[in-house]
Amino acid sequence: MGKIRVATEWFGGCAGCHMSFLDLDEWLFELVKVADVVYSPVADVKEYPRDVDVVLIEGAMCADEHVEKARVIRERTAVVIAFGDCAVTANVPAMRNPLGGADVVLERAYIDLADLNPQMPADPALPVLLDRVVPLHNVIDVDIHMPGCPPPAPRIQAVLEQLVAGDEPTLIGRELLKFG
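Residue numbers for the sequence shown follow the working numbering, so the first one is 256 and each next one is one higher.
Hints were generated in silico from the structure; no laboratory data involved. Fair warning: there could be bad hints in the mix.
As the list claims (entries may be wrong) - Label pairs and their in silico Cβ distance ranges:
1) Ala-298 - Asp-422: 24 to 32 Å
2) Glu-281 - Arg-326: 31 to 39 Å
3) Asp-319 - Glu-281: 38 to 46 Å
4) Ala-364 - Glu-323: 19 to 27 Å
5) Val-287 - Pro-373: 45 to 53 Å
Where a beta carbon is used, it is the ideal one built from N, C-alpha and C, also for glycine.
Construct the complete structure from the given sequences, taking the supplied hints into account.
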């Protein structure tokens, strides 16, 4: 059997899940014996590849570009993992939801709370915010929900070991299911 093709993605979150992935430390050397990381924000790959075996997606859906990319990822990936509490529940990024829609949030950030030169950003390259932040499973089908803020390295390792072995990961017990 050849190596599995692994990807990671980072949407609306703090990168803590990716930092926890890097906390796998020496086990990463074992992982690269059986897996190729084919896409990640920590690598310089511009386009999400086809035929990815598993992806860990960190972060909530906060902007239109997140939704578009998530749909591409789902189409091109066999196993999608909602990676961390923001992807699983929308968590901290969703704290803006009670304020109202995207326009209210932008006005609050750029006009109401500005100390100097209050103005709305006019750069067309900025992503268009969604009116409500939602978890990943509200946009695409998710195969595995891996909670944690961030998920600890042993939890990530346990899930990846099960996938590499060809098993369907089971998250049982406090150490593998704890949120926060």
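Going down the list of hints, with the structure as the test:
1. The beta-carbon spacing between Ala-298 and Asp-422, approximately 27 Å, falls within the hinted interval of 24 to 32 Å.
2. As the Cβ distance of Glu-281 to Arg-326 is approximately 36 Å, the hint placing it in 31 to 39 Å holds.
3. Separated by about 40 Å at the C-beta atoms, Asp-319 and Glu-281 satisfy the suggested range of 38 to 46 Å.
4. Range check, Ala-364 to Glu-323: Cβ separation about 23 Å, and the 19 to 27 Å hint holds.
5. A beta carbon spacing of about 49 Å between Val-287 and Pro-373 agrees with the range 45 to 53 Å that was offered as a hint.
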